[in-house]
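*Asks:* Given next are the chains, with one letter for each unit.
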Amino acid sequence: MNDTVISHYKTRLEEYQPIVGNNIIDELKLLGSHLAGRKVQNINSTFSGGGVAEILARIVPLLQQLGVDATWDVIQGDDAFFNVTKKFHNALHGRDESITTDDLDVFMETSRRNNESMALDADIFYIHDPQPIMLIERKKSLGGKWIWRCHVDVSHPDKVVWKFLRKYVVGYDATVFSSPEFSQQLPSRQYMISPSIDPLSDKNREISQSVIQSVLDKYGLDNGKPMVVQISRFDYLKDPLGVIQAFRMVRKGIDCQLVLAGGTATDDPESTQVLEEVRENAGNDPDIKILPIPPGSDLEINALQRAATVVFQKSLKEGFGLTISEALWKSKPVVATAVGGIPQQVRNKVTGLLCHSVDGAAYALKQLLSNPDYAAWLGKNGHEHVKQNFLITRHVKEYLLLFLAVENPSEIINL
Amino acid sequence: MIEWFQQNWLLVVVPLALFLAFCIIGLWARRVLYFNLDKHLTRSGWGGRDVLIQTTRGPFFFWFVLLGLYVAIAFSSIQDDHKALIIKIIASVFIISIIWLLIILSERLLSIYLSEYKSVERTAKHVMTALRSTLIIIGLLILLDYWGWPLTPLILLIAVVMLVVIIASRDAILNIFSGFEISASRLVKEGDFIKIGSGDAGYVTDMGWRNLIVRTPDQHTIVIPNSKLVRETIVNYGRPLKKAEEPFHFYTRLSLKELTGLKATNLIALVNILKAAPDSIVYYHTHHFLEEFQYLTPEPANDFALWIGDALDNPVLSEKLANIDTFEFTSLGSLKAALISVIEQYMAENPDIRFTQAERDFHFIKVVNVIAPTSYFASDLREFVEVLRKITLDSLYYHVFESRLRLQRRSNDFSVWIRDSFEEDDLAEKIDNLVPYTTTLEGLRSVIIQLIEKRIK
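Protein sequences, first through last, are from chains P and E. Letter by letter, the first sequence follows residues 1 to 415 of the numbering used here. Letter by letter, the second sequence follows residues 1 to 457 of the numbering used here.
These are computed hints drawn from the structure, not numbers from a lab. The structure presented is a predicted model; accordingly, all values stated were derived computationally and were not measured. Heads up, some of the hints might be wrong.
To be verified - Below, in silico cross-link-like pairs of lysine to aspartate or glutamate (EDC-like), each with a Cα-Cα straight-line distance of 20 Å or less: (1) Lys349(P) with Asp425(E); (2) Lys349(P) with Glu291(E); (3) Lys257(E) with Glu15(P); (4) Lys336(E) with Glu411(P); (5) Lys257(E) with Glu407(P); (6) Lys349(P) with Glu181(E); (7) Lys387(P) with Glu181(E); (8) Lys390(E) with Glu14(P); (9) Lys330(P) with Glu292(E); (10) Lys387(P) with Glu292(E); (11) Lys317(P) with Glu442(E); (12) Lys263(E) with Glu15(P); (13) Lys349(P) with Asp313(E); (14) Lys380(P) with Asp310(E); (15) Lys257(E) with Glu181(P); (16) Lys390(E) with Glu15(P); (17) Lys252(P) with Asp359(P); (18) Lys380(P) with Asp313(E); (19) Lys349(P) with Asp218(E); (20) Lys349(P) with Asp420(E).
Given the sequences, and given the hints that come with them, work out the whole structure.
*Replies:* The following block contains the structure:
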């Protein structure tokens, strides 16, 4: 287990008390007391980078504080293995990928090596995503309860890849998905646990106006002009060109500026291409700022979201879209497309506005920029919605409930 | 000897006479003074009258005896250096007697004064010890000074020691005096139910010389330093209300969503799946919004109505389903039947709608409920209200919704307990009649608290 990663994020449970209240923390402790000493081994493919690693780095220490003997380990793999799992990831998202027999052989061979070399010892094995899925083959010899946590949008998976993975999925005692749309016909039980944001992380914690202003100054943004912000990596699926189109429709009548901020990945040539296209499309428009932000710029993202008048998330396809919860937590009015996990976070006209097209996005944006009171009401609701449903404390609670549920098959568990 | 006496009889008789005269004056003065003092104190009704009179009567006469001795010695023919020594001894005895009297008198008066406050008995003992020590030190210092001993280093030493003691025990001293203040003001007594500024509430089980001990409804013991207590805003609800034979034990219910893998793309599929669906599915889709949208008033309609309105774009059927009053049903089976009946009737009237493809699928979800006892108990309505303020909405939800519909108890747990334990049928009925589906859980909590508070005021 990587203690460095864990200790970096080691937030005390009590620090969440002022945000969620004493009684929520007490409830977590109550659940934790019924799982005290239970060994839970989390396994994924990396200690750093990506949402899964970020979630585990924050949740594992909290589980430990609640008395659960939670650990976190990663499997080993070479570039060839991770290239195959990247293909799996894309295919599960519904993209066309040619998966060859060689690819499957690479996956199985690496998985077998991990099966042989990996030290597994727990009451509950919590396996995250497809990369370590074949560890289930050790269930027979090790016993215990096995859970497969799928963080990927599998609402329309590539049939070949899903058929291949399903052989292993059915061996698990339970599967966990992030959204009802992702559920499958499986013989084992399936649970739904949504992702969460950490209100104490650099990306979400309260920051001073001076920090916000320094970020605005750094990127030459005008604090006096309404600011529309979309935070996402430069990817066709995030539809940055559609955002620019919608923004231009609105600017004809309302003076405002657009910020498209996000990362590019060096190992993803597509993102660089998208960034170039976006820059080309924006041209020399002084009201459109394209900001490629390096990984780890959480405080800057926080500042941009807090400075925003409206936050956009015009994705064409989305897993869950936690940037929306981040914006809602900051009480920002949001315009987002009704895809993936977004409708769970944005209830149309209650916690934000949903759209289905560029025109719809432009119309929603106009409504929010023209009606600040309405926008503020949506933002206030959004904050409450996230507080009740998408904070890390809820996530921890559901992990604890999941551990209890896999050990007690009944629909009603009396402790 | 006789010859010496005949020549110097005045040297003996005069001091003796003076001594006797002072004794007689002392007896007379004591009689007059104590007669008037007794009369005055009796009229005033002061409780320390007996102690003051009984304690000081003896010493009063004794001081006249000492005065007589002093005057007698002064007029005697004893050598001057001997005379001075004897006078010093007499003065020292006088000082000791004064200190002794002050100690006895203060202890007795304090005992009388504090006997009314049982709670500070231990405090009083500590104060008496401190007072006795202080008076002895003062007396010692006066005597030493009187006998010409150098006092400056000793006073410095005592001052330093005192300072260290005071600094080290400043909190304790503050607590002790605050304890007196609390007891004297009689604002709080053992057995009272109090609520302090921090929000903690419970019954006062002990009032110590430094702390107040409060037992909270979640069985915790809170130790509040007296000095903190005098600075806090305290609400004292007074003595306990009628106790229930069986205290109310608060439970909580935490739920995990379980995906069934079942989905409907049109109305006919929705009905078919719903017909075979277990109660837990019906329950989830008609209740989960209460928890997920706790901040909304009015809260959204059930999932079936929302899906038919949004995804099938059929506002008429959506409204019909939204208008089904969940509160009217005492079982999920009957609620399910009502939902199916409305949809089937609509499909019969509008057969074309049956296979209309929805914009998005309806995913059937159910919940796994984990029910756990909390540490909160209430044995009377005051405790009950205070606990109600603190429990999670999950706990409130369990006792109001789960028990009524899912567990088919026909009433919420609160009303049952109030009715059974206190025969408060009117209050129980008022809580029972609250429609929990048209308000937020926080709103519901607030209304129940108001109803009970109004009753116990």
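*Asks:* Work down the list of hints and note, for each, if the structure agrees.
*Replies:* Outcome of the hint check:
Taking the CA atoms of lysine 349(P) and aspartate 425(E), the gap is about 43 Å. The hint is violated against a cut of 20 Å. The suggested pairing of lysine 349(P) with glutamate 291(E) holds, with an alpha-carbon distance near 19 Å, which does not exceed 20 Å. With a CA separation close to 27 Å, the supplied pair lysine 257(E) and glutamate 15(P) exceeds the 20 Å bound. Note on lysine 336(E) and glutamate 411(P): the hinted pairing holds, with a Cα-Cα distance of about 19 Å set against a maximum of 20 Å.
With a C-alpha separation of about 16 Å, the suggested pairing of lysine 257(E) with glutamate 407(P) holds against the 20 Å cut-off. With a C-alpha separation of about 58 Å, the suggested pair lysine 349(P) and glutamate 181(E) falls outside the 20 Å cut-off, and the hint is violated. A hinted pair counts as satisfied when its Cα atoms are at most 20 Å apart, and lysine 387(P) with glutamate 181(E) does not qualify at roughly 44 Å. Restraint check: the Cα-Cα separation between lysine 390(E) and glutamate 14(P) comes to about 17 Å, which is no more than 20 Å; the hinted pair holds.
For the proposed pair lysine 330(P) and glutamate 292(E), the alpha carbon gap of about 19 Å is at most 20 Å, so the pair holds. Of the pairs offered as hints, the one joining lysine 387(P) and glutamate 292(E) holds, with about 10 Å between alpha carbons and a cut-off of 20 Å not exceeded. The suggested pairing of lysine 317(P) with glutamate 442(E) is violated, with an alpha-carbon distance near 36 Å, which exceeds 20 Å. For the hint pairing lysine 263(E) with glutamate 15(P), the CA-to-CA distance comes to about 40 Å; that exceeds 20 Å, so the pair is violated.
For a cut-off of 20 Å, the pair hint linking lysine 349(P) to aspartate 313(E) stands: about 16 Å separates their Cα positions. Restraint check for lysine 380(P) and aspartate 310(E): the C-alpha separation of about 24 Å exceeds 20 Å, so the hint is violated. The suggested pairing of lysine 257(E) with glutamate 181(P) holds, with an alpha-carbon distance near 13 Å, which does not exceed 20 Å. Restraint check: the Cα-Cα separation between lysine 390(E) and glutamate 15(P) comes to about 19 Å, which is no more than 20 Å; the hinted pair holds.
Proximity of lysine 252(P) to aspartate 359(P) is assessed by CA-CA distance (about 14 Å); at most 20 Å being required, the pair is judged to hold. For a cut-off of 20 Å, the pair hint linking lysine 380(P) to aspartate 313(E) is broken: about 28 Å separates their Cα positions. For the suggested pair lysine 349(P) and aspartate 218(E), the alpha carbons sit about 41 Å apart, so the restraint of at most 20 Å is broken. For the given pair, lysine 349(P) sits about 45 Å from aspartate 420(E) by alpha-carbon distance, which is inconsistent with the 20 Å threshold.
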